[in-house]
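J.: Protein chains in written order, with numbering that gives the first Met the number 0: chain G, 0 to 400; chain H, 0 to 400.
Among the hints, a few may not be true.
Said to hold, decoys possible - Residues of chain G clear of chain H, computed beta-carbon distances all greater than 12 Å:
{"#": "1", "residue": "Ala25"}
{"#": "2", "residue": "Ala53"}
{"#": "3", "residue": "Asp131"}
{"#": "4", "residue": "Glu137"}
{"#": "5", "residue": "Pro181"}
{"#": "6", "residue": "Glu182"}
{"#": "7", "residue": "Val264"}
{"#": "8", "residue": "Cys304"}
{"#": "9", "residue": "Gly320"}
{"#": "10", "residue": "Gly347"}
{"#": "11", "residue": "Glu349"}
{"#": "12", "residue": "Ser358"}
{"#": "13", "residue": "Gly380"}
Stated by the list, open to error - Heads up, incomplete: computed chain H residues facing chain G, CB under 7 Å, no partners named:
{"#": "14", "residue": "Pro45"}
{"#": "15", "residue": "Val46"}
{"#": "16", "residue": "Thr90"}
{"#": "17", "residue": "Thr344"}
Rather than coming from a laboratory, the hints here were simulated on the basis of the structure. We put the beta carbon where it would ideally sit given N, CA and C, even for glycine.
There are 2 protein chains.
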Amino acid sequence: MELSTPGPTVGVVGGGQLGRMLGEAAGPLGVEVVALDPTPDPPAAPVVRDTVTAAFDDADAVRELAERADVLTYEIELADPDLLAAASEETATPVHPAPGSLETTRDKLVEAEAVAEFAPVAAHRAVGSAADVRAAGEELGYPLMVKARRGGYDGRGNVPVEGPEDAADALAAATGHAGEIPEDAAMVEALVSFERELAVMGVRGADERAAFPVTETVHREQILRASATPARCPAPVREEARATALDVLEALEGRGVFGIELFHVPDADPERIAGEADEGATVLVNEIAPRPHNSGHWTIEGANCSQFEQHLRAVLGWPLGGTDARGATAVANLLADVEEPEPATLGGVEAVLGEPTASLHWYGKREARPLRKMGHLAVTGGEPAAALERARRLRDATTFR
Amino acid sequence: MELSTPGPTVGVVGGGQLGRMLGEAAGPLGVEVVALDPTPDPPAAPVVRDTVTAAFDDADAVRELAERADVLTYEIELADPDLLAAASEETATPVHPAPGSLETTRDKLVEAEAVAEFAPVAAHRAVGSAADVRAAGEELGYPLMVKARRGGYDGRGNVPVEGPEDAADALAAATGHAGEIPEDAAMVEALVSFERELAVMGVRGADERAAFPVTETVHREQILRASATPARCPAPVREEARATALDVLEALEGRGVFGIELFHVPDADPERIAGEADEGATVLVNEIAPRPHNSGHWTIEGANCSQFEQHLRAVLGWPLGGTDARGATAVANLLADVEEPEPATLGGVEAVLGEPTASLHWYGKREARPLRKMGHLAVTGGEPAAALERARRLRDATTFR
Numbered sequence: 000m001e002l003s004t005p006g007p008t009v010g011v012v013g014g015g016q017l018g019r020m021l022g023e024a025a026g027p028l029g030v031e032v033v034a035l036d037p038t039p040d041p042p043a044a045p046v047v048r049d050t051v052t053a054a055f056d057d058a059d060a061v062r063e064l065a066e067r068a069d070v071l072t073y074e075i076e077l078a079d080p081d082l083l084a085a086a087s088e089e090t091a092t093p094v095h096p097a098p099g100s101l102e103t104t105r106d107k108l109v110e111a112e113a114v115a116e117f118a119p120v121a122a123h124r125a126v127g128s129a130a131d132v133r134a135a136g137e138e139l140g141y142p143l144m145v146k147a148r149r150g151g152y153d154g155r156g157n158v159p160v161e162g163p164e165d166a167a168d169a170l171a172a173a174t175g176h177a178g179e180i181p182e183d184a185a186m187v188e189a190l191v192s193f194e195r196e197l198a199v200m201g202v203r204g205a206d207e208r209a210a211f212p213v214t215e216t217v218h219r220e221q222i223l224r225a226s227a228t229p230a231r232c233p234a235p236v237r238e239e240a241r242a243t244a245l246d247v248l249e250a251l252e253g254r255g256v257f258g259i260e261l262f263h264v265p266d267a268d269p270e271r272i273a274g275e276a277d278e279g280a281t282v283l284v285n286e287i288a289p290r291p292h293n294s295g296h297w298t299i300e301g302a303n304c305s306q307f308e309q310h311l312r313a314v315l316g317w318p319l320g321g322t323d324a325r326g327a328t329a330v331a332n333l334l335a336d337v338e339e340p341e342p343a344t345l346g347g348v349e350a351v352l353g354e355p356t357a358s359l360h361w362y363g364k365r366e367a368r369p370l371r372k373m374g375h376l377a378v379t380g381g382e383p384a385a386a387l388e389r390a391r392r393l394r395d396a397t398t399f400r
Numbered sequence: 000m001e002l003s004t005p006g007p008t009v010g011v012v013g014g015g016q017l018g019r020m021l022g023e024a025a026g027p028l029g030v031e032v033v034a035l036d037p038t039p040d041p042p043a044a045p046v047v048r049d050t051v052t053a054a055f056d057d058a059d060a061v062r063e064l065a066e067r068a069d070v071l072t073y074e075i076e077l078a079d080p081d082l083l084a085a086a087s088e089e090t091a092t093p094v095h096p097a098p099g100s101l102e103t104t105r106d107k108l109v110e111a112e113a114v115a116e117f118a119p120v121a122a123h124r125a126v127g128s129a130a131d132v133r134a135a136g137e138e139l140g141y142p143l144m145v146k147a148r149r150g151g152y153d154g155r156g157n158v159p160v161e162g163p164e165d166a167a168d169a170l171a172a173a174t175g176h177a178g179e180i181p182e183d184a185a186m187v188e189a190l191v192s193f194e195r196e197l198a199v200m201g202v203r204g205a206d207e208r209a210a211f212p213v214t215e216t217v218h219r220e221q222i223l224r225a226s227a228t229p230a231r232c233p234a235p236v237r238e239e240a241r242a243t244a245l246d247v248l249e250a251l252e253g254r255g256v257f258g259i260e261l262f263h264v265p266d267a268d269p270e271r272i273a274g275e276a277d278e279g280a281t282v283l284v285n286e287i288a289p290r291p292h293n294s295g296h297w298t299i300e301g302a303n304c305s306q307f308e309q310h311l312r313a314v315l316g317w318p319l320g321g322t323d324a325r326g327a328t329a330v331a332n333l334l335a336d337v338e339e340p341e342p343a344t345l346g347g348v349e350a351v352l353g354e355p356t357a358s359l360h361w362y363g364k365r366e367a368r369p370l371r372k373m374g375h376l377a378v379t380g381g382e383p384a385a386a387l388e389r390a391r392r393l394r395d396a397t398t399f400r
């Protein structure tokens with residue numbers, strides 16, 4: 000295998016923080032990145048070769064990106080699989096992960112059914128009406144989660160249902176449709192109480208599969224706040240989670256990193272679980288992102304090869320990098336705690352910069368919006384619990400003004 | 000301390016691999032880099048906000064860079080201290096390290112005399128003629144090293160002298176002047192036999208000083224080939240080297256990272272040593288670069304904060320980062336082993352990418368020239384000697400064709 004100058008160009012649909020961190024990982028490899036984003040001067044801009052300013056569904060722009068690239072990828076699920084496939088076909092530029100992975104993961108019901116062939120998931124049903132929700136409740140029991148099948152992120156579109164009386168309101172809240180809802184708009188899932196939320200970054204390479212060590216994720220209001228790696232659960236649970244993530248990769252197509260979110264459910268009622276599971280399985284697959292994921296940011300400082308470098312290697316068909324953890328790593332998100340949009344300004348940064356084991360990642364977004372991900376910080380070394388505590392303390396020392 | 004978007008801009012004179020790695024370190028901090036280089040599309044270009052194409056001594060271009068930047072720095076000693084000072088004064092943009100540090104380090108005699116006030120160096124003399132060289136030989140003994148005071152790098156301009164009969168030829172070879180040489184062109188130094196070559200990256204912050212752990216460097220034909228950190232010498236020697244580096248920082252001005260090269264000379268004749276030394280000192284200062292240095296590349300994977308991030312923090316007046324090593328790290332340079340210039344193509348890359356503990360750094364230079372630094376690889380973990388062995392093995396698996 001040879002490397003020349005200029006190295007290969009990776010065209011990325013999306014120029015947000017994930018595109019920026021792909022750009023940061025590309026430099027050392029001699030890889031160049033061009034990012035397509037509707038926002039002029041998006042977060043990726045200062046660290047990549049070039050940007051294309053266009054809507055994600057602008058067919059001409061996606062084709063232009065494909066023409067300029069040796070391989071096409073995406074860092075946002077708003078990328079359109081049909082457009083990617085068409086641009087790839089017209090230009091003979093491969094797209095990874097395969098558009099089929101995007102098709103699968105952008106519809107939560109399709110995803111659950113695809114995953115269920117290889118790994119355990121919560122029991123689930125398609126629903127088209129409040130009556131369907133109540134029927135599912137009869138069958139699976141309550142609580143349930145009503146989910147919009149498409150377009151949700153950071154928990155948007157997920158509404159819990161405690162009993163039949165909530166069904167109509169929950170369906171309306173999840174889908175945004177007050178009356179009748181489209182046939183393919185919603186699903187319900189058994190809400191299985193979990194002990195911990197876990198995540199594993201899986202990767203499909205040209206002819207190898209790999210999974211990073213298991214991360215414990217901490218959400219509040221369904222938004223990821225912090226993570227600790229390795230996850231603080233018994234080693235057999237971590238092994239089960241990693242093995243489950245490797246199984247999940249079978250349900251996906253093409254090359255790249257996949258963010259796989261899981262629940263540790265030691266006491267789950269087997270009636271509320273579906274899909275392929277070993278006897279006594281205590282880990283359920285929750286959601287999959289066909290791209291690097293917030294819960295894998297620990298890999299930048301914490302693994303031999305970051306999820307971003309790994310994604311570039313995978314989509315280029317290069318050998319995968321080492322996935323081992325270099326020690327404990329905790330990450331805390333810097334979410335804008337503002338009431339309304341305002342220019343992005345983070346105070347208290349000296350606390351983060353002054354901590355010798357901490358690394359700051361500022362995404363370069365111009366506007367702070369309520370709970371928007373503006374950056375993150377990582378803390379390495381020691382025990383995961385102590386690292387997590389330090390990360391939270393440093394996060395709490397920062398303020399958006 | 001606050002961070003906004005866009006973050007501060009650092010203007011860098013020089014857009015080679017050091018400028019590129021500064022750009023790679025800038026992204027996570029939200030810092031933007033603009034690099035000035037005479038080569039269009041230099042190595043830094045794909046990873047920085049912008050480049051200015053101009054000669055290093057183009058006063059207008061340096062002033063333009065200063066106008067666009069919040070702080071000015073340089074990654075190459077060809078930067079002109081007078082121009083930097085003038086541009087800084089005209090634009091009120093600070094320049095770091097202070098131009099005085101560049102004045103000091105770009106003349107090896109001035110540097111030796113400045114360092115000697117704080118730390119031990121080899122005994123040395125200014126020379127203006129072969130007779131001066133022979134007089135120094137009488138006084139200090141042989142062997143000596145004749146050095147061009149300015150413009151040498153990678154050992155160019157350094158010529159050893161074994162006895163008085165070599166004096167004239169060595170002086171001519173070192174300076175490029177066949178007959179009479181300019182008064183300030185050359186110096187001689189006692190050539191002190193050393194057990195190991197060491198290097199320490201020192202850093203002057205706004206109101207703190209720091210030094211990274213001690214690296215062992217391996218040169219051949221006076222070009223750095225590989226390094227291992229921590230250096231394989233007794234702990235007291237490492238402590239002496241680090242303390243000596245901190246002393247050297249006193250001889251310098253302004254903020255930034257300084258690459259400090261040292262010799263471990265356990266059996267040196269005290270007559271052949273000059274400068275400020277504790278009794279029984281066994282470490283001599285060899286050379287100083289007022290910038291990140293090849294022997295500090297291990298810090299990217301090996302330290303909590305890389306020398307490049309550290310340099311950015313320092314020149315911006317931010318808190319310094321952690322200097323602790325995260326474990327053993329070895330680096331091997333990828334030097335173009337070509338006979339004459341040709342397009343840059345490195346083969347055997349799969350060996351480096353396939354080693355889980357190795358990281359590749361390809362500098363994106365278009366042309367391979369004999370012994371040009373085209374990239375490096377780093378290997379982490381285990382003992383330094385074993386890491387060095389792995390790094391060399393991986394380097395040897397690559398070939399320029």
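J.: If a hint holds in the structure, say so; if it does not, say that too.
T.: Against the structure, the hints come out as follows:
1. Look at Ala25/G: its CB is around 8 Å from the nearest CB on chain H, not clear of 12 Å, so calling it non-interface is violated.
2. At the 12 Å boundary, the C-beta of Ala53/G stays outside the reach of chain H, the nearest C-beta of that chain being 21 Å off.
3. With a least beta-carbon separation of about 46 Å from chain H, Asp131/G lies farther than 12 Å from that chain, consistent with its non-interface assignment.
4. Residue-level check passed: Glu137/G sits 51 Å from the nearest beta carbon of chain H, beyond 12 Å.
5. Consistency note on Pro181/G: stated as away from chain H, and its beta-carbon is indeed over 12 Å from all of that chain's, at 39 Å minimum.
6. The beta carbon of Glu182/G is kept farther than 12 Å from every beta carbon of chain H, the shortest such distance being approximately 43 Å.
7. The claim that Val264/G is not at the interface with chain H holds, since no C-beta of that chain comes within 12 Å of its own (minimum 32 Å).
8. For Cys304/G, the condition that its CB be more than 12 Å from all CB atoms of chain H is violated, with the nearest at approximately 7 Å.
9. The Cβ of Gly320/G sits about 7 Å from the closest Cβ of chain H, inside the 12 Å cut-off, so the non-interface label is violated.
10. Once the 12 Å rule is applied to beta carbons, Gly347/G is inconsistent with being away from chain H; the minimum gap is 7 Å.
11. Against the 12 Å criterion, Glu349/G falls within the reach of chain H, whose nearest CB is about 4 Å from its own CB.
12. In this structure Ser358/G is not separated from chain H by more than 12 Å, as the shortest Cβ-Cβ distance comes to only about 7 Å.
13. A beta-carbon of chain H comes within 12 Å of the beta-carbon of Gly380/G; the shortest separation is about 8 Å.
14. At about 4 Å, the closest approach between the beta carbon of Pro45/H and any beta carbon in chain G falls short of 7 Å, and the interface hint on this residue holds.
15. Evaluation of the Val46/H hint against chain G yields a held restraint, the C-beta minimum of about 4 Å falling below 7 Å.
16. The criterion of a C-beta within 7 Å of any C-beta in chain G is not met by Thr90/H, whose closest approach is roughly 21 Å, and the hint is violated.
17. At its closest, the beta carbon of Thr344/H sits 5 Å from a beta carbon of chain G; the interface hint therefore holds under the 7 Å criterion.
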